[in-house]
Amino acid sequence: MTTMAHGQTEMEIAAGRARENVVAGGALVRHRRASRLIHWSVAGTFFLSLLSGMPIWTPLFGWMAGLFGGLEVCRWLHPYAGSLFFILSILQFFHWLGDMRLTEGDRSWFGPKAFKYMHHEDFPADPGKYNGGQKLFFWAVTLGAIGLLLSGLIMWFPLYFPQMIRELAILLHDITFILFLVAVITHIYLGTAAEPGTFRAMTRGTVTRAWARLHHPGWFQEVTGDEARKR
Amino acid sequence: MAGQTLEIKRSSAAMWGTHTGIRTTPTVAKYIDTTTCIGCKACEAACQEWNDLGTVETHQTGTYQTLPKLDAKFWNLIRFNEREVDGGLMWMMRKDQCMHCAEPGCLEACPAPGAIVQYGNGIVDVDPSKCIGCGYCATGCPFDVPKFHVKTGKMAKCTLCVDRVEVGLEPACVKACPTGCLNFGTKDDMVALGKARVDQLNKSGFKEAMLYDPEGVGGTSVVTVLGHGHPEWYDLPVDPNVPVLVRLWKSVLRPVGVLAALVTAIGTFAHYTKYGPIEPPSDGGSDEHPN
Chain A
1 MTTMAHGQTE
11 MEIAAGRARE
21 NVVAGGALVR
31 HRRASRLIHW
41 SVAGTFFLSL
51 LSGMPIWTPL
61 FGWMAGLFGG
71 LEVCRWLHPY
81 AGSLFFILSI
91 LQFFHWLGDM
101 RLTEGDRSWF
111 GPKAFKYMHH
121 EDFPADPGKY
131 NGGQKLFFWA
141 VTLGAIGLLL
151 SGLIMWFPLY
161 FPQMIRELAI
171 LLHDITFILF
181 LVAVITHIYL
191 GTAAEPGTFR
201 AMTRGTVTRA
211 WARLHHPGWF
221 QEVTGDEARK
231 R
Chain B
1 MAGQTLEIKR
11 SSAAMWGTHT
21 GIRTTPTVAK
31 YIDTTTCIGC
41 KACEAACQEW
51 NDLGTVETHQ
61 TGTYQTLPKL
71 DAKFWNLIRF
81 NEREVDGGLM
91 WMMRKDQCMH
101 CAEPGCLEAC
111 PAPGAIVQYG
121 NGIVDVDPSK
131 CIGCGYCATG
141 CPFDVPKFHV
151 KTGKMAKCTL
161 CVDRVEVGLE
171 PACVKACPTG
181 CLNFGTKDDM
191 VALGKARVDQ
201 LNKSGFKEAM
211 LYDPEGVGGT
221 SVVTVLGHGH
231 PEWYDLPVDP
241 NVPVLVRLWK
251 SVLRPVGVLA
261 ALVTAIGTFA
271 HYTKYGPIEP
281 PSDGGSDEHP
291 N
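These protein sequence lines map, in sequence, to chains A and B.
Sequential numbering of the first sequence, starting at 1, is according to this note's numbering.
Sequential numbering of the second sequence, starting at 1, is according to this note's numbering.
You may find that some hints are simply not true.
Stated by the list, open to error - Now the stretches of chain A that chain B is said to cover, found in silico as 3 or more residues with beta-carbon under 8 Å:
| no. | region |
| --- | --- |
| 1 | 28-37 |
| 2 | 115-121 |
| 3 | 168-174 |
| 4 | 194-205 |
If you're looking for bench data, these hints aren't it; they were derived computationally from the structure.
Backbone N, C-alpha and C fix where the C-beta goes; we use that ideal spot for every residue, glycine too.
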């Protein structure tokens with residue numbers, strides 16, 4: 001009934017996938033199912049908000065309104081999609097908070113190290129489950145989600161707020177959105193094309209040993225107990 | 001929205017121009033002389049009737065004023081203000097409605113294509129079928145004019161009776177005014193009329209009398225003679241402008257945002273072509289379990 005694979009039974013592997021930071025079969029479980037579901041709901045509501053908000057933002061993207069049945073529908077849908085996005089973002093925030101505390105080593109990421117990383121020149125000696133850039137992104141999008149919610153609520157019910165507050169709200173919503181969009185494009189690029197083997201962490205939940213050893217040697221060691229080899 | 005025979009000079013959220021540029025239409029304007037207004041509210045009644053707005057519940061605020069401010073179902077409001085000037089009590093009435101700005105903040109802020117238009121003759125009109133009820137127009141308007149119907153969320157305001165004007169009639173309020181304090185014609189004629197009246201007032205003791213045609217919004221198609229000067233005494237902004245933040249997010253942030261997204265997208269592609277993907281080395285890539 002069960003076959004032995006890598007010293008674990010299929011059932012043990014299946015059980016392993018429900019947990020995180022464990023070895024399951026030949027792979028390491030990076031995100032358990034709950035994490036992946038939360039992240040996909042955040043991503044889904046983000047794109048729903050993006051596609052329903054951009055035609056209101058500028059007529060250049062007016063054609064997106066057709067996806068939902070017109071601009072009036074977008075105006076109705078966008079605040080609900082956005083609110084849902086915020087709620088799920090906060091859920092995700094608390095779900096991942098434990099891994100996202102900034103360490104002394106992460107500090108270097110706020111400088112030229114991030115560029116060196118992008119140029120494949122220099123990696124932090126000991127990145128754990130998340131590197132400084134990922135943590136920075138985590139905190140930035142959390143702040144961004146709060147900014148979008150606060151300004152969005154004012155824009156949702158404009159007539160309850162004074163004119164100056166409404167003007168500032170639209171300004172804040174715009175700036176936050178632009179930064180968010182730029183960050184998310186980069187996030188998706190890094191998670192797919194730029195770093196093969198990463199995307200499956202969000203689909204199957206697992207990464208290969210080689211991937212973990214390369215990108216997150218500290219985490220690799222923690223999970224497997226193996227000494228991380230120098231690259 | 002009734003101006004079916006009029007050319008559209010400007011439209012909200014338009015990607016490109018809306019005007020042929022073939023013909024020039026004179027700008028029209030309404031003239032209001034606050035010094036000869038007797039506060040009879042005939043204009044209010046005429047507006048409700050012509051525009052089929054029905055009746056609204058009035059609010060007693062201790063003056064003769066019908067409502068505290070304009071409403072989606074009340075586009076023409078006489079504002080009654082009292083003020084002590086040089087020991088005497090001044091009773092000032094001013095007809096409040098859409099000012100039909102040459103540079104309309106509502107139109108500039110509106111994100112729905114064609115929901116707010118400015119005709120060739122300067123009249124600013126709203127098309128409820130295209131209005132999405134977002135309220136941006138109210139944020140862009142320095143005169144607090146656009147109001148929203150509670151049930152539909154659609155914006156409504158004075159159209160300067162464009163349906164009458166396009167067939168050669170004057171607006172309903174002007175038609176109804178019994179004292180001649182309202183007039184209608186080309187902007188040039190109405191400004192000339194206003195200047196002559198201000199001259200007359202200046203000579204007869206109203207030293208601060210002025211013609212209100214604010215430059216900050218490019219001038220308005222409603223020119224108002226203020227007997228005592230001081231626009232703020234009449235609940236008018238002294239120097240109205242399209243809010244600078246509206247101009248900022250509309251004219252600066254949007255192109256910047258689109259550019260930023262484009263640059264990032266192209267940047268990731270350029271990065272991929274130059275540095276390529278970073279893949280785990282094959283020698284260290286054994287998926288064998290160590291045990």
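Tested hints:
Here's how the region 28-37 of chain A fares: 0 of its residues keep a CB closer than 8 Å to some CB of chain B, so the rule of at least three is not met and the hint is violated. Counting residues of the region 115-121 of chain A whose C-beta lies closer than 8 Å to any C-beta of chain B gives 3; at least three are required, and the coverage claim holds. Figure legend: the region 168-174 of chain A, annotated as covered by chain B; annotation consistent (4 residues with Cβ-Cβ distances under 8 Å, at least 3 required). Proximity of the region 194-205 of chain A to chain B, defined as three or more residues with a beta carbon under 8 Å from a beta carbon of that chain, is established by the 4 residues found.
The earlier numbered hint that this structure contradicts is number 1, and it is the only one.
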